Amino acid sequence: MTTPDTIDQIFVITKHWLLGYVPAPLQPIASAILSVLPVMGVFPLLFAITTVLERKGLGRIQNRYGPNRVGPAGFWQPAADGIKSLTKEDVVPRNADQIVHFLAPIVLVIASFIVYAVLPIGRNMVITDLNSGLLYFFAVGSMVELSVFMAGWSSHSKYSLLGAMRATAQMISYEIPLVLAAVVVIMATGSLSTVTIVNAQTGYTMGFPHWFVFTPWGFAGFILFMIAATAESNRSPFDLPEGESEIIAGYYIEYSGFKFALFFLGEYLGMFATSGLAITLFLGGWAAPFSFLTWIPSYFWFFAKLLVIIGVFIWVRGTLPRLRQDQLMGFAWKFMLPMTLLNVFVAAAWHFLPTGIIRWAVCTALLVIPFIVFSMGLKQNKKLQVRTYRFAE
Amino acid sequence: MSIVFFILAALTITGTAAAMALRNAVHCILALTLGFVGLAALYLQLGAQFVGFTQIMVYIGAVAILAVFAIMMTRSAGPHPQPAFSRTWRTGTLIAVIVFAVLAYAISHTTLAPATLPQPEVTVNQIGDTLMHQYALPLEILGLLLTAALIGAVIVAMPAKQEAPQ
Amino acid sequence: MFGSGVLKGMAETARNFLGSYVDKDRLTTVQYPEEHAPRIEASRNFPFLVYDGPDPMAGLRCVSCFICEKECPPKCIIIEKSTDKKPDAVGKPQAYPVKFNIDVSVCMSCQICVEVCPFDAIKMDVDFEQTATSRFDALLRTKQQLAKSNEYYHQIHPTEAAAVDAELAAARAKAAAPKPAPAVAAAKPATPAPTSAAMASPVATAPPTAAPPAPPTALSSRPEAACRSGETRSATTEASPTPDAPAPPAKETASE
Numbered sequence: 001m002t003t004p005d006t007i008d009q010i011f012v013i014t015k016h017w018l019l020g021y022v023p024a025p026l027q028p029i030a031s032a033i034l035s036v037l038p039v040m041g042v043f044p045l046l047f048a049i050t051t052v053l054e055r056k057g058l059g060r061i062q063n064r065y066g067p068n069r070v071g072p073a074g075f076w077q078p079a080a081d082g083i084k085s086l087t088k089e090d091v092v093p094r095n096a097d098q099i100v101h102f103l104a105p106i107v108l109v110i111a112s113f114i115v116y117a118v119l120p121i122g123r124n125m126v127i128t129d130l131n132s133g134l135l136y137f138f139a140v141g142s143m144v145e146l147s148v149f150m151a152g153w154s155s156h157s158k159y160s161l162l163g164a165m166r167a168t169a170q171m172i173s174y175e176i177p178l179v180l181a182a183v184v185v186i187m188a189t190g191s192l193s194t195v196t197i198v199n200a201q202t203g204y205t206m207g208f209p210h211w212f213v214f215t216p217w218g219f220a221g222f223i224l225f226m227i228a229a230t231a232e233s234n235r236s237p238f239d240l241p242e243g244e245s246e247i248i249a250g251y252y253i254e255y256s257g258f259k260f261a262l263f264f265l266g267e268y269l270g271m272f273a274t275s276g277l278a279i280t281l282f283l284g285g286w287a288a289p290f291s292f293l294t295w296i297p298s299y300f301w302f303f304a305k306l307l308v309i310i311g312v313f314i315w316v317r318g319t320l321p322r323l324r325q326d327q328l329m330g331f332a333w334k335f336m337l338p339m340t341l342l343n344v345f346v347a348a349a350w351h352f353l354p355t356g357i358i359r360w361a362v363c364t365a366l367l368v369i370p371f372i373v374f375s376m377g378l379k380q381n382k383k384l385q386v387r388t389y390r391f392a393e
Numbered sequence: 394m395s396i397v398f399f400i401l402a403a404l405t406i407t408g409t410a411a412a413m414a415l416r417n418a419v420h421c422i423l424a425l426t427l428g429f430v431g432l433a434a435l436y437l438q439l440g441a442q443f444v445g446f447t448q449i450m451v452y453i454g455a456v457a458i459l460a461v462f463a464i465m466m467t468r469s470a471g472p473h474p475q476p477a478f479s480r481t482w483r484t485g486t487l488i489a490v491i492v493f494a495v496l497a498y499a500i501s502h503t504t505l506a507p508a509t510l511p512q513p514e515v516t517v518n519q520i521g522d523t524l525m526h527q528y529a530l531p532l533e534i535l536g537l538l539l540t541a542a543l544i545g546a547v548i549v550a551m552p553a554k555q556e557a558p559q
Numbered sequence: 560m561f562g563s564g565v566l567k568g569m570a571e572t573a574r575n576f577l578g579s580y581v582d583k584d585r586l587t588t589v590q591y592p593e594e595h596a597p598r599i600e601a602s603r604n605f606p607f608l609v610y611d612g613p614d615p616m617a618g619l620r621c622v623s624c625f626i627c628e629k630e631c632p633p634k635c636i637i638i639e640k641s642t643d644k645k646p647d648a649v650g651k652p653q654a655y656p657v658k659f660n661i662d663v664s665v666c667m668s669c670q671i672c673v674e675v676c677p678f679d680a681i682k683m684d685v686d687f688e689q690t691a692t693s694r695f696d697a698l699l700r701t702k703q704q705l706a707k708s709n710e711y712y713h714q715i716h717p718t719e720a721a722a723v724d725a726e727l728a729a730a731r732a733k734a735a736a737p738k739p740a741p742a743v744a745a746a747k748p749a750t751p752a753p754t755s756a757a758m759a760s761p762v763a764t765a766p767p768t769a770a771p772p773a774p775p776t777a778l779s780s781r782p783e784a785a786c787r788s789g790e791t792r793s794a795t796t797e798a799s800p801t802p803d804a805p806a807p808p809a810k811e812t813a814s815e
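Chains as they are written, first to last, in my numbering: chain A, 1 to 393; chain B, 394 to 559; chain C, 560 to 815.
I should point out that these hints are in silico values taken from the structure, not numbers from a laboratory.
All figures in this text were calculated on a predicted structure; none of them were measured in a lab.
All C-beta atoms in this analysis are idealised placements derived from N, C-alpha and C, irrespective of residue type, glycine included.
Each hint should be verified, as a subset may be incorrect.
Said to hold, decoys possible - If we take Cβ atoms under 7 Å as the criterion, some of the chain A residues that face chain C in the derived model are:
| no. | residue |
| --- | --- |
| 1 | 61 |
| 2 | 319 |
| 3 | 322 |
| 4 | 325 |
Unchecked claim - Some chain A residues flagged as far from chain C (calculated, every beta-carbon gap over 10 Å):
| no. | residue |
| --- | --- |
| 5 | 57 |
| 6 | 62 |
| 7 | 63 |
| 8 | 204 |
| 9 | 244 |
| 10 | 260 |
| 11 | 261 |
| 12 | 292 |
| 13 | 318 |
| 14 | 365 |
| 15 | 375 |
| 16 | 387 |
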C-alpha cells in the first residue's frame, strides 16, 4: 500500500548522499546547485518533448502526419531544430536598441526558470519551501511582461511594438483572474506555501483523493485558472500577441537563431510553470489519484498530470480560432473577473456552511446560476450569424 | 553587513542612479526596475518575504509596466534633446542635501538596537491577521478609495455619449 | 450555454485526432520523396524545348526567332542563333539555336514564352524537382537539358499536345497543297509578317508522330487552342509592354 520509500525518495536520498562528499562550509551552495540543476535539465527536456508532441498532435488533429522524418517517428525533431537554431545567423536590426534587444530573451528565460523554485514536483522535492511561495510565483511571473516589452520595444519594428502592447495588455488583464482564481485555494488552506497546499490535498476518502478540483469552487477555480493561464502564456486561442496573420510574429519578430529559440523556450517554460501551479493548487500536486496507486512514486504523478495538461493545451490550440482583441478584453473583464470574484465568495460560503449535501447544493447553485445568467446576457448583446463579407466576393 | 548586502546595495544604487542619469526614457524605466529588484532582494535578505515579493509584484508588475505602457502609447521613447540638468537643479540639490542631513542626523543620534537581536519571524499569516483584525478599518477605507478610483477611471475612459444623429 | 460551442469543437478535433490513427484515408499527406502525388495535367512549372524525331538536337522545333527571349519578363532565356542553316528533321534549311539557356533561379513560370512561340517549340513541363547543388552553372539549364521529346509532351499534357499536333498537321496540309511559300501566311494571318519566311518550318517539320485527329474536334476539346490565335496576335500588336523592355517583336522585326 505504501510507497517503498527508497524509490519515492531516490532523488532526495541521492542528493543527501552527494552532499556528504562536500565540505561543510560549501554545503548550502552545493545543496542549492544540486536542487537547481535537475530542474534546469528536466524542464527544457520536457520542452523538447512537448514541441514534437505538439507538432504531431496538431498534425493529427488536422489529419496530417506531423514531423516523422528525424529519427524514429520523428522524435529527434527537437534535436534537429536545436541544431538549426544554434547554427543560424543571429540577426540584430541596425536600428534596434542593442543592449535591451540582447537582454530581453535572457530576462524572459531567467524569469521563466526561477518560478520553478516553489513548485513541489514530488514528496520532499521542492527547491525552496517559501513561506509565501504563491506570492513569489506571481511576483516573478509579472517580470515576464517586462521582458516581453523589452523585446517588443527594442526591436524598433512596428509589428513587434504592436505585439508587445497586445501581450502586455493581455497579461495585465489576465493576471487578475489568475491570482483571484488561486486565492480560493489560499482561503481553503490558509497558507501561501505550495508545500502546505499540496499536503492539504494528500488525504483520501474511500479511495478518492481530497483534491480541491473535486469541490464546486475548486472546479470553477481550476477552469478559470486554466483559461487565465492559457492567456497568460500567450497560447492559442489567446495568441494575439503573435498573431501571424496581422503582426507576423509579434514581439519576437526581429529575433532569429538562438535568441528566438530562447523565446520559444521561455514561453513553454512559462506554460509548464503555470500548469505545474494549477496541478499544485487544484490537482493535488504529486498526490496519486487513488489511494491504491500511492505505491507509484510521487514525481511520476506530477509529470503525468503535467503531460495531461499539456495535452489539453495542445488540444485547445488545435481546436479554437484566435480571439479578436475586443473579445479578449471583454472576456477578461466581463466574464473572468466577475466569475473569479464570485468564486471567492463561494469558497468563503463553503468554508462557513456545515459539511454535507446542502453545502454542495448551495455552492454549486451559487456558481451555476450566475454562469447561466452570464452566458444568456453575453449572448443577448451579440447577434450570432453567418458573417457576410462586403468586399471579399 | 555581509557581502551580499553590499552587492545588493550597489545594484540598487546603480539602478536608481542610472534611472536618473540615462537619456532614454525606456532605459530609465528598465534601470529603475533594476533598482526595484535590488530593493526587493534587500527586503528578502532581511527576512521580509512578504514585503519583498509585494515590492516585486507592485513595483515591477504594476508600476513599471504602467510606465512602459505609457511609453508605448505615446511613442515618446526617442532621445530628447534636453540638457542633462534641469533648470531647477540648484533647488533640487539643496533639498536633497537637507533631506540627507536630516536623515544622517537622525541616524547618528539614534541608539540602534544590538545587531544580535533575533530576527522577528513575521509570517504571511501574521500579516494577514494584523490586517484583518487590528487594521481592518484602514484596509476597508483603502479598498473603498481604490474602488472609487477604479470607477472614476472607467468613467473617464468611457466613450462620451454621442448626440443623436440628425 | 456559454462554452458549449467550445466543447463541440473539442469533440470534433478529438474525432479527427483519433480518426487519423484508425482511418488512413483521412490523411491527405503524401510522403513526398518516397511517393508522389498524381500529376495534374493543368499544372505547369518550367519550360522545355520540344523536339521531333529520334535525335534531340536535330529535331528541335526551335528556329531561334528570339521572340521568347524578348518577351520573357525576368529575362531568363538566353539564345544564340546559328550563323549557318542546317537541315532540320525534314531536310529544310533552318536557323537553329547554338545556345538555348534558361536560368531556373530567375524563371517565374509565367508561361509567356509558351504563349508567344509561333512554332510550338517551347512548352511547360510539370517536373517541379528543379533543385541543384550549386548556385551557378547547375541552375542554368542548357539546350541539351531542356530538350524533351514530343512523346513526353503527349505524356504530360495529352489534350494540349493533341491539339497542337492537330494544328500543326492542318497547317502542314495547307502548306502542302499550294507550293509557293507566301500562301503559308494565310494559315496563320495573325503571325508577324517578317517571320512568315521562317513560318514554313513548323509547317514542314511537323512529323508524322501521333496521328492527329480531325481539327474541329481537337479545337473544341481544348479551350486554349481556341485562344491561341488571339495570343499570338496580342504578342505582335501590343504596343508597349514595359518601359525597359525592348520594343515588341512586331515593331522591331518590321524595321529590319
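Now the hints, each set against the structure:
For residue 61 of chain A, the interface hint holds, since its Cβ comes within 7 Å of a Cβ in chain C; the closest pair sits about 5 Å apart. Interface restraint check: residue 319 of chain A against chain C, minimum CB-CB distance 4 Å, threshold 7 Å, status holds. Using the Cβ-Cβ criterion of 7 Å, the hint placing residue 322 of chain A at the interface with chain C is not satisfied: the shortest such distance is roughly 13 Å. Because the closest C-beta pair between residue 325 of chain A and chain C is about 19 Å apart, greater than 7 Å, the hint is violated.
The claim that residue 57 of chain A lies off the interface is violated: its Cβ sits roughly 7 Å from the closest Cβ of chain C, which falls inside the 10 Å cut-off. In this structure residue 62 of chain A is not separated from chain C by more than 10 Å, as the shortest Cβ-Cβ distance comes to only about 7 Å. For residue 63 of chain A, the shortest C-beta to C-beta distance to chain C comes to about 5 Å, within the 10 Å cut-off, and the non-interface label is violated. No Cβ of chain C comes within 10 Å of the Cβ of residue 204 of chain A; the nearest lies about 30 Å off, and the non-interface call holds.
For residue 244 of chain A, the non-interface assignment is confirmed: its Cβ lies about 20 Å from the closest Cβ of chain C, beyond the 10 Å cut-off. Residue 260 of chain A, annotated as away from the interface, keeps every beta carbon of chain C farther than 10 Å; the closest lies near 26 Å. In this structure residue 261 of chain A is separated from chain C by more than 10 Å, as the shortest Cβ-Cβ distance comes to about 27 Å. The beta carbon of residue 292 of chain A is kept farther than 10 Å from every beta carbon of chain C, the shortest such distance being approximately 29 Å.
A beta-carbon of chain C is positioned within 10 Å of the beta-carbon of residue 318 of chain A; the least distance is around 5 Å. The Cβ of residue 365 of chain A sits about 16 Å from the closest Cβ of chain C, beyond the 10 Å cut-off, so the non-interface label holds. Under the 10 Å C-beta cut-off, the non-interface status given to residue 375 of chain A relative to chain C is violated; the minimum distance is some 3 Å. At roughly 15 Å, the least C-beta separation between residue 387 of chain A and chain C is larger than 10 Å, which holds for a residue marked as non-interface.
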